[in-house]
Amino acid sequence: MSVVKRNALGKGLGALIEDAGNSNRVNVGNSVFDEIDVKKIEANPFQPRTEFDEEAMEELAASIKLIGIIQPITVRKIGDNKFQLISGERRFRASQLAGLTAIPAYVRTADDQGMLEMALVENIQREDLDAIEVAISYQRLIDECKLTQESMSERVGKKRSTIANYLRLLKLPAEIQLGIRKKMLSMGHARALISVEDSNDQLYIFEQILNEGLSVRKVEEMVRKIKDEPQEDIKLETAKEEIVNNYKELENHLTNFFSSKIEFKRGAKGNGKIVIPFKSDVDLERIIAILDKK
16 MSVVKRNALG
26 KGLGALIEDA
36 GNSNRVNVGN
46 SVFDEIDVKK
56 IEANPFQPRT
66 EFDEEAMEEL
76 AASIKLIGII
86 QPITVRKIGD
96 NKFQLISGER
106 RFRASQLAGL
116 TAIPAYVRTA
126 DDQGMLEMAL
136 VENIQREDLD
146 AIEVAISYQR
156 LIDECKLTQE
166 SMSERVGKKR
176 STIANYLRLL
186 KLPAEIQLGI
196 RKKMLSMGHA
206 RALISVEDSN
216 DQLYIFEQIL
226 NEGLSVRKVE
236 EMVRKIKDEP
246 QEDIKLETAK
256 EEIVNNYKEL
266 ENHLTNFFSS
276 KIEFKRGAKG
286 NGKIVIPFKS
296 DVDLERIIAI
306 LDKK
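Just so we're aligned, residue 16 is where the sequence shown starts under the working numbering, counting upward by one.
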C-alpha cells in the first residue's frame with residue numbers, strides 16, 4: 016500500500032471517496048458504498064431508538080470532524096435522489112452536527128417490514144442498550160415482523176432461552192421495569208425477580224433491593240424461600256401488614272404529640288428515620304421546647 020493510501024485511511028472514508036475521483040461509488044475491500052448528499056436522506060420512521068445522549072453525540076461529531084466517517088450508514092432508495100435511513104442514525108446526526116454535506120452509505124433494497132426488522136435487529140446489537148429496550152425490540156420483532164423466537168435467535172445470534180428471559184422482563188411491574196432502565200438494579204436481580212409469580216412480592220423484594228442494597232445472591236435466597244415454602248407468601252404479606260400497622264400507629268402518636276405531621280420511614284432491618292417538619296422559626300422553637308420538657 017502506498018503512503019498516499021495510508022494517509023487516506025487515516026482520514027476516514029471521506030478521503031477514500033476523494034481518492035476515487037469523480038465517481039460517488041467507492042470500493043473498499045469487498046464492500047461497495049456510495050457518497051450521498053445528507054439533504055437527500057430522511058430519518059427512519061421505524062427507528063426503535065428514542066433517546067440520544069447529547070454529550071455523546073457532540074463527541075462523535077468532533078471525532079467525525081477530525082477523522083471522518085469510519086463505518087458507512089445504511090439507507091434504502093425511495094425515489095429519484097431520495098433515500099431513507101435504515102441504520103446508523105447516530106452517525107447520520109453527528110455528521111450533520113459536524114457540518115458534512117455528504118456521507119458514505121450502503122444502499123439496500125427493503126420494504127417497510129424489512130426496514131423495521133433491520134432497524135430492530137441493529138438496535139439489539141448495540142452495547143449501550145438497557146435490558147428493557149432489548150426486550151421491547153424483541154417483542155416488536157414478534158408482533159410487527161411476525162418472527163418466532165427461533166428465527167430471532169438466528170438473526171441476532173442469541174440463544175432462544177436468552178431471548179425468552181428478556182421477553183419475560185416485560186411482565187414485571189412498571190416500577191421494576193423503570194428501575195432496570197435507570198440501572199437501579201442489575202439484570203441478575205431482574206432474572207431472580209421474574210421467577211416470582213406474585214407481583215406484590217416482586218415489588219416488596221424490589222424495595223428491599225433499593226433500601227438495603229441487596230446483592231443478586233441475597234435476592235435469589237429470598238426468592239428460593241418464597242418458592243420452597245408454600246405458606247411463605249402468606250407470611251411475607253402478613254409481616255408487611257404488621258410493620259405497616261405498627262408504625263402507622265406510632266406515626267399517628269408522634270404527630271399528635273408534636274402537633275406536626277411526622278414522617279416515619281423504616282427499613283426491613285430496623286433502620287430508618289423520623290422527620291419532624293416545622294413551618295417557621297417560632298414553630299421550631301415550640302418543638303424544641305417540647306423536647307426540652309421530656
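Read the hints as simulated data drawn from the structure, not as lab findings. Backbone N, C-alpha and C define an ideal beta-carbon position, used for all residues, glycine too. Among these hints, one or two may not hold up.
[Said to hold, decoys possible] Distance condition first, Cα-Cα at most 20 Å in a straight line; then the derived SDA-like pairs of lysine to any residue:
| no. | residue 1 | residue 2 |
| --- | --- | --- |
| 1 | 197 | 68 |
| 2 | 80 | 113 |
| 3 | 288 | 306 |
| 4 | 276 | 265 |
| 5 | 80 | 60 |
| 6 | 276 | 298 |
| 7 | 276 | 299 |
| 8 | 276 | 288 |
| 9 | 80 | 96 |
| 10 | 197 | 209 |
[Said to hold, decoys possible] Pair by pair, the computed Cβ-Cβ distance ranges are:
| no. | residue 1 | residue 2 | range |
| --- | --- | --- | --- |
| 11 | 188 | 302 | 34 to 44 Å |
| 12 | 230 | 304 | 37 to 47 Å |
| 13 | 296 | 112 | 17 to 27 Å |
| 14 | 144 | 296 | 16 to 26 Å |
Comparing the hints with the structure gives:
1. For the hint linking residue 197 to residue 68, the alpha-carbon distance of about 14 Å falls within 20 Å, and the restraint holds.
2. At most 20 Å may separate the alpha-carbon atoms for a hinted pair to count; residue 80 and residue 113 meet this at roughly 6 Å.
3. Distance hint between residue 288 and residue 306 is fulfilled; the C-alpha atoms sit about 17 Å from each other, no more than 20 Å.
4. Distance restraint check for residue 276 and residue 265: the Cα-Cα separation of roughly 12 Å lies within the 20 Å cut-off, and the hinted pair is therefore satisfied.
5. Between residue 80 and residue 60, the direct Cα distance comes to roughly 27 Å. Violation of the 20 Å bound is thereby established for this hinted pair.
6. For the proposed pair residue 276 and residue 298, the alpha carbon gap of about 13 Å is at most 20 Å, so the pair holds.
7. Taking the CA atoms of residue 276 and residue 299, the gap is about 13 Å. The hint holds against a cut of 20 Å.
8. Restraint check for residue 276 and residue 288: the C-alpha separation of about 14 Å stays at or below 20 Å, so the hint holds.
9. Distance hint between residue 80 and residue 96 is unfulfilled; the C-alpha atoms sit about 25 Å from each other, more than 20 Å.
10. Restraint check for residue 197 and residue 209: satisfied, since their Cα atoms lie roughly 18 Å apart, inside the 20 Å limit.
11. The beta-carbon spacing between residue 188 and residue 302, approximately 39 Å, falls within the hinted interval of 34 to 44 Å.
12. Between residue 230 and residue 304 the C-beta distance comes to about 46 Å, which sits within the given range of 37 to 47 Å.
13. Checked against the given bound of 17 to 27 Å, the beta carbons of residue 296 and residue 112, roughly 52 Å apart, lie outside it.
14. A hinted range of 16 to 26 Å is violated for the C-beta pair residue 144 and residue 296, which are about 51 Å apart.
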